[in-house]
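*Asks:* The chain contents come next:
Protein chains: 2
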Amino acid sequence: MSLLDTPAVKDLAAYCRDVAQRAKRASAALATVLGEVKIAWLLRSAELLRASSERLAEANQLDLDAAPGYGLTDAAIDRLRLTPERIESIAAALEEVAALRDPIGAVIDSTVRPNGLRIDKVRAPLGVVFFIYESRPNVTADAAAICVKAGNAVILRGGKEAIHSSQAIVDLLAQAAQEIGLPEDAVQLVSTTDREAVGHFLSMNDFIDVAIPRGGEGLIRRVAAEATMPVIKHFDGNCHVYLDASADPEFAERITLNSKTHRYGVCNAAESLLVHADAAERLLPRVAKALTDAGVEVRGDERVRKLVPTAKPASEQDFGAEYLGPIISAAVVDSLEAAIDHINRYGSHHTDAIVTTDLASAQRFTAAVDSAAVVVNASTRFNDGGEFGLGAEIGISTDKFHARGPCGVDELTTYKYVVTGTGQIRG
Amino acid sequence: MSLLDTPAVKDLAAYCRDVAQRAKRASAALATVLGEVKIAWLLRSAELLRASSERLAEANQLDLDAAPGYGLTDAAIDRLRLTPERIESIAAALEEVAALRDPIGAVIDSTVRPNGLRIDKVRAPLGVVFFIYESRPNVTADAAAICVKAGNAVILRGGKEAIHSSQAIVDLLAQAAQEIGLPEDAVQLVSTTDREAVGHFLSMNDFIDVAIPRGGEGLIRRVAAEATMPVIKHFDGNCHVYLDASADPEFAERITLNSKTHRYGVCNAAESLLVHADAAERLLPRVAKALTDAGVEVRGDERVRKLVPTAKPASEQDFGAEYLGPIISAAVVDSLEAAIDHINRYGSHHTDAIVTTDLASAQRFTAAVDSAAVVVNASTRFNDGGEFGLGAEIGISTDKFHARGPCGVDELTTYKYVVTGTGQIRG
Chain A
1 MSLLDTPAVK DLAAYCRDVA QRAKRASAAL ATVLGEVKIA WLLRSAELLR
51 ASSERLAEAN QLDLDAAPGY GLTDAAIDRL RLTPERIESI AAALEEVAAL
101 RDPIGAVIDS TVRPNGLRID KVRAPLGVVF FIYESRPNVT ADAAAICVKA
151 GNAVILRGGK EAIHSSQAIV DLLAQAAQEI GLPEDAVQLV STTDREAVGH
201 FLSMNDFIDV AIPRGGEGLI RRVAAEATMP VIKHFDGNCH VYLDASADPE
251 FAERITLNSK THRYGVCNAA ESLLVHADAA ERLLPRVAKA LTDAGVEVRG
301 DERVRKLVPT AKPASEQDFG AEYLGPIISA AVVDSLEAAI DHINRYGSHH
351 TDAIVTTDLA SAQRFTAAVD SAAVVVNAST RFNDGGEFGL GAEIGISTDK
401 FHARGPCGVD ELTTYKYVVT GTGQIRG
Chain B
1 MSLLDTPAVK DLAAYCRDVA QRAKRASAAL ATVLGEVKIA WLLRSAELLR
51 ASSERLAEAN QLDLDAAPGY GLTDAAIDRL RLTPERIESI AAALEEVAAL
101 RDPIGAVIDS TVRPNGLRID KVRAPLGVVF FIYESRPNVT ADAAAICVKA
151 GNAVILRGGK EAIHSSQAIV DLLAQAAQEI GLPEDAVQLV STTDREAVGH
201 FLSMNDFIDV AIPRGGEGLI RRVAAEATMP VIKHFDGNCH VYLDASADPE
251 FAERITLNSK THRYGVCNAA ESLLVHADAA ERLLPRVAKA LTDAGVEVRG
301 DERVRKLVPT AKPASEQDFG AEYLGPIISA AVVDSLEAAI DHINRYGSHH
351 TDAIVTTDLA SAQRFTAAVD SAAVVVNAST RFNDGGEFGL GAEIGISTDK
401 FHARGPCGVD ELTTYKYVVT GTGQIRG
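Residue numbers (our numbering), protein chains in the order written: chain A, 1 to 427; chain B, 1 to 427.
If you are wondering where the hints come from, they were derived from the structure by calculation, not from laboratory data.
Be aware that a few hints might be false.
Given that identical chains are not distinguished, each listed pair holds provided it fits within a single copy or across any two copies.
[To be verified] Here are the simulated DSS-like pairs of lysine-lysine, each with C-alpha atoms no more than 30 Å apart in a straight line:
#1 K312 - K233
#2 K233 - K121
#3 K24 - K233
#4 K24 - K121
Using the sequences and the accompanying hints, generate a full structural model.
*Replies:* As structure tokens, this is what we get:
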């Protein structure tokens, strides 16, 4: 029987409230659970996943059967599929999270005041995370692992396209929790696909400490507008590669090509190319040819089109566009400052790169470009939790507040001040 | 002429939009201004304040004349008054902020990845701060100083009770900015007291990065509900002192008394006293007598009243109350765990103290109490930016997100990743 055939939750508001309350209770216990208990749960979950490939395949088949009915593309259906290799990689990811340093209780800053009072700033869990995401089943396991490692309870609201696969994974995580003695409500999957459920959860800031939407822009805007608790947003990026006057042509070609073509549909892919006027003649034809040879359409301003006859005209809209496909906008700028202004104006403050051999240009670009990641002489594609060495990430924040850029275990924590005295009072 | 006599701003929405846009433009320049320019501005502002006591007194007199019309109490009118001593202390506070380490550009974490990519996490300004506060004029100067030190532009929305004093102060800050070459729109005071203006600013998340309300609970709830940008909230605290079974009686008396009576109307004053059952007979009569002698009314549960005959009965509401006055609720608890549960249930996650000689109790209390500051053997009154050594604070956050506890210069910043390579691309 498909989960979607079960009768709708009778009282949706009461159901959501119960889930949120359970999460809050679990989070109180999780806040001080020993790190070794979290590790044991992650390792046992990995074992159970590996041992349950048949059960997972059955659940996955229900999702695959339903997929054409949701109008999923072949590529999306492929991403949904739980092959033995993918189950292995989900299990391995849990083991990687187990191996990360436990963040909770670490002293991240410390002073002793003149009156002898010791002030320790200590990492503490956020509490309850409400994570809203789209279809891929591996995200279910990744998000659960990283939230619990940070001492948080998590409410998972996955897309309907993967609901059976996600439920099967969460069942195994719950079995491991029961065996190990981790609070079972540490990880809960919302068992209804009713869209109204999201609204109920977003209203409960007494139980939920942060909402994290990952998916299309519409979902993220809805969550940001409705949420009564803080939100960590993950928008796509309009990322730039700027070729400075001094740029090495080989670097320029390699970095632009990788930033644009390594993967098209990702938030840290380049969508726009800027070239300093003094280097345009030297660099643009070579870089544009490499892009065109790779199947990328170049849309340029007038000065670009003079040097690249195959380029199509770029409109104002093109410079603000996130194509997420084989198109790149291109413009010639008169100075480094003009490049910075262009990026801060048209960009999405996600990831922007400069290719340069000039130290002052690199310094000025990294200081003045207002983006989560500013990159010197490397691909924009490196803005990623794994590539930054965070070990695992729940997404790449496009906010400035609390967490910016890749969000790993530490970004899912807060801190508290632990003040230790010997009888001090204020005079 | 009073500022309040000037004709209302004709198009309020357009006025607010212009202020916000100016702030955004100023913030782009402020983000990379040299630290020595910010220091020069702060020192020159202090000079101008000291040299302008007459002008400030005149402006202040307009506010003092209007105060009875606003129904201000004598105490509130006194807080509004700008005496020469107070002007000196405002100027001195600017000099203290000048002396703080500049936070911008500091590398707060750094790794070199196996592929040679250097990942630096670098402190960066938030951008534009919208600060909404009530009457005391010194807050105007303090907030401007700390926001600009952190590289942010600030929009100040002060209470109407101090509007002339605040305007006079901001005029001097603007004069210093002009002389020194700091962007003049770095600090702007909203020149209308129309309440609708707040709503306009709270809708402009394209220009404003964070809203910080400081004042009554109604103001903070309104801002949290209406804001489209993140908010740092500063609620009052229902702070606890818990006397553990092992507590030293002299510490118990001194710390409870100071936490409750050092100042009544502040967010880190104790509002509730918990005592372990095993120590109640030993500690409660002495501590209650000290409180009563200091003019504090004790409202206790049944077990408290048995030991303290003068105590009045406490209701359920008393345990959740923030009296901000000479009243304290009191209860006897059966265990450390019961104290922790009580605090996490009734408290406001602000500041909670334990008095104990037992190491395990101190460890368990500080780990399990979910508050911005947990204090061992010292007064709750120490949860304060100055006392923590932050140098200056814009308030004490009761949020878990982004900033918790005292918010100084660092808490008004974000970070960016600066990634430096030598041609790396993703394989």
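*Asks:* None of the hints should be skipped; say for each whether it holds.
*Replies:* Hint by hint, here is what the structure shows:
In the homo-oligomer, the alpha carbons of K312 and K233 never lie at most 30 Å apart, since the shortest distance is 33 Å inside one protomer and 50 Å across protomers. For a Cα distance limit of 30 Å, the shortest separation of K233 from K121 qualifies both inside one copy, at 26 Å, and across copies, at 20 Å. For the identical chains of this complex, K24 and K233 are neighbours both inside a copy (22 Å) and across copies (21 Å), given an alpha-carbon limit of 30 Å. Taking the shortest alpha-carbon separations for K24 and K121, only the intra-copy value of 24 Å comes in at or below 30 Å, while the best inter-copy value is 32 Å.
In summary, the one numbered hint that this structure violates is 1.
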